[in-house]
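Visitor: With the sequences and hints as input, model every part of the structure.
2 protein chains.
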Amino acid sequence: MLDVCLLGTAGMMPLPYRYLTSLMTRYNGSSLLTDCGEGTQVAIKKAGWSFHPIDIICFTHYHADHISGLPGLLLTMGNAERKEPLTLIGPKGLQRVVTALRVIAPELPFEVQCVEITGPEQEFCLHGYHIRAFMVRHNVLCYGYTIEIQRQGRFCVEQALQLHIPKNYWGVLQKGENVTYEGRVLTPDLVMGPPRKGIKLTYCTDTRPAPSLVKNAADSDLLICEGMYAEPEKLVKAKQYKHMTFYEAAQVAKEAQVQELWLTHFSPSLIHAEQYMPKVREIFPNAHLGKDGKMVEMNFTEE
Amino acid sequence: MLDVCLLGTAGMMPLPYRYLTSLMTRYNGSSLLTDCGEGTQVAIKKAGWSFHPIDIICFTHYHADHISGLPGLLLTMGNAERKEPLTLIGPKGLQRVVTALRVIAPELPFEVQCVEITGPEQEFCLHGYHIRAFMVRHNVLCYGYTIEIQRQGRFCVEQALQLHIPKNYWGVLQKGENVTYEGRVLTPDLVMGPPRKGIKLTYCTDTRPAPSLVKNAADSDLLICEGMYAEPEKLVKAKQYKHMTFYEAAQVAKEAQVQELWLTHFSPSLIHAEQYMPKVREIFPNAHLGKDGKMVEMNFTEE
Chain A
680 MLDVCLLGTA GMMPLPYRYL TSLMTRYNGS SLLTDCGEGT QVAIKKAGWS
730 FHPIDIICFT HYHADHISGL PGLLLTMGNA ERKEPLTLIG PKGLQRVVTA
780 LRVIAPELPF EVQCVEITGP EQEFCLHGYH IRAFMVRHNV LCYGYTIEIQ
830 RQGRFCVEQA LQLHIPKNYW GVLQKGENVT YEGRVLTPDL VMGPPRKGIK
880 LTYCTDTRPA PSLVKNAADS DLLICEGMYA EPEKLVKAKQ YKHMTFYEAA
930 QVAKEAQVQE LWLTHFSPSL IHAEQYMPKV REIFPNAHLG KDGKMVEMNF
980 TEE
Chain B
680 MLDVCLLGTA GMMPLPYRYL TSLMTRYNGS SLLTDCGEGT QVAIKKAGWS
730 FHPIDIICFT HYHADHISGL PGLLLTMGNA ERKEPLTLIG PKGLQRVVTA
780 LRVIAPELPF EVQCVEITGP EQEFCLHGYH IRAFMVRHNV LCYGYTIEIQ
830 RQGRFCVEQA LQLHIPKNYW GVLQKGENVT YEGRVLTPDL VMGPPRKGIK
880 LTYCTDTRPA PSLVKNAADS DLLICEGMYA EPEKLVKAKQ YKHMTFYEAA
930 QVAKEAQVQE LWLTHFSPSL IHAEQYMPKV REIFPNAHLG KDGKMVEMNF
980 TEE
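The listed protein sequences derive, respectively, from chains A and B. In the numbering used here, each residue's number is its place in the first sequence (first place is 1) plus 679. In the numbering used here, each residue's number is its place in the second sequence (first place is 1) plus 679.
Where hints are given, some of them may not hold.
Each pair of labels, with its calculated beta carbon distance range [said to hold, decoys possible]:
| hint | chain 1 | residue 1 | chain 2 | residue 2 | range |
| --- | --- | --- | --- | --- | --- |
| 1 | A | Gly772 | B | Arg775 | 17 to 23 Å |
| 2 | B | Glu976 | A | Glu976 | 47 to 53 Å |
| 3 | B | Gln801 | A | Gln954 | 50 to 56 Å |
The set of hints was computed from the structure by calculation and includes no laboratory data. For every residue, glycine included, the Cβ atom is placed at its ideal position computed from N, Cα and C.
Guide: Spelled out as structure tokens, the structure:
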């Protein structure tokens, strides 16, 4: 089970009733945050989620609205008595930006490890999360992320009995480890079926529509995607500032054949966003407006 | 007339319903901000005040809860099309801290000028504000500020007539400038009475009670002072972390003989603050709890 919370939906600047766009997930006791603008720590508190288990923070890019909340969050995590190392993942320049911002958060009771993404795509397996960063098309180097919870195959009891594998080894094999028994090396594939469908979440902001986005978001259970502008005539602005309209995001969702789309990263000027949704749903029917604090519990769908 | 808004009342970290402690004033078309923690730009927006006329930002010290909102505010001021230079005033180290934080706000359409305070006390006259920084007692170098709007004396018509000063020179003299008339140099003191009482506001956080605070806050119309802890038994903590209890702040107000006291910079653990106020008012009767967005219009009291 993956708990998902879209902490905020604002783009560019935080507003009194709209926190900056940021995503938080919880899985198996470990939390992952993606982007951390000014006020993200307040949004976490408002959601009622805990600071202590945040093990990873991914950054899409280093525009202030995506990282300015980092020093404050680090201090609050320190106050929450975190001791375990924290991993930060982001585009090239991460170490430089984090070092600069820590001028106001120099002393922390935990280690901060910076991992810079190299190349157009990169995978990270941490705390049970399979994270894949993929380069998108903004006016600075920017990445989207897929977050997957993979699921192994079913344990085949009949097979295990047929191969005369003692029951006390079943659990070890199920964990993916080899067992040596009566001179034979038993491997998990002897008793495990093919991997089952896991959970796939894609988060992407700020970008123009991009083939890398469609490719990496493919078959996601949920795509959380920027839609800076709702008014169709703002396509010009979207192109100029390297953002997307609602309709472009819907087209991405359609092409990537995702299950569900949440729009986010709204322009400060956007009000009455709901009125644009019928047109969006003509392109991609299962499209929804993101809302600050919008949560979903994502579960494995296969038996 | 000086418009005053206490933008927030939180200390240490911002909370869902408590912005970080920050003060904003408006005078004669120019705004002054003191401290700018995470979310201060949201509090300004919530107060309905404008970003554009902020000409000066004063910092008490560089703990994150007093400056982490700076890069975001600078960008938002840029988006509000500010072009005029902005003056930042703060303790030694200002240039270094601001340069570091601007890693995420490198390009602005206006100039940022850093003025570092030297010595235990320093005065600045900018945009009609008479600002006085005075060193207080925190665990890092920290200053309080008095903000004064001075008021010149009354123009004495009888005196001007008696001295046969033509009416067209009256305005010049009233502005404080000399006039040469029929070979005589006329100075303003010939026709202006003694300076009248102006407006004096003192803002002070974070600190232990200090003689410099009592001295500089003396006779303020309003003292906005930290009161991190309300529970009397937290005096130990207050001493340890170099903060004040409500009662210590009230004692400062009493000794400085100010007109009115607002408490602010509350600990995140503080709730039901009102219940402690009767005891506070036993020490200083005109004591009030600060509230986020609390405003007052301060006027000249003398005719």
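Visitor: Could you run down the list of hints and mark each one as holding or not?
Guide: Now for the hints, and whether the structure bears them out:
{"no.": "1", "hint": "A:Gly772 / B:Arg775: 17 to 23 Å", "result": "holds, 20 Å"}
{"no.": "2", "hint": "B:Glu976 / A:Glu976: 47 to 53 Å", "result": "holds, 50 Å"}
{"no.": "3", "hint": "B:Gln801 / A:Gln954: 50 to 56 Å", "result": "holds, 55 Å"}
Going down the numbered hints, you'll see the structure goes against none, and every one checks out.
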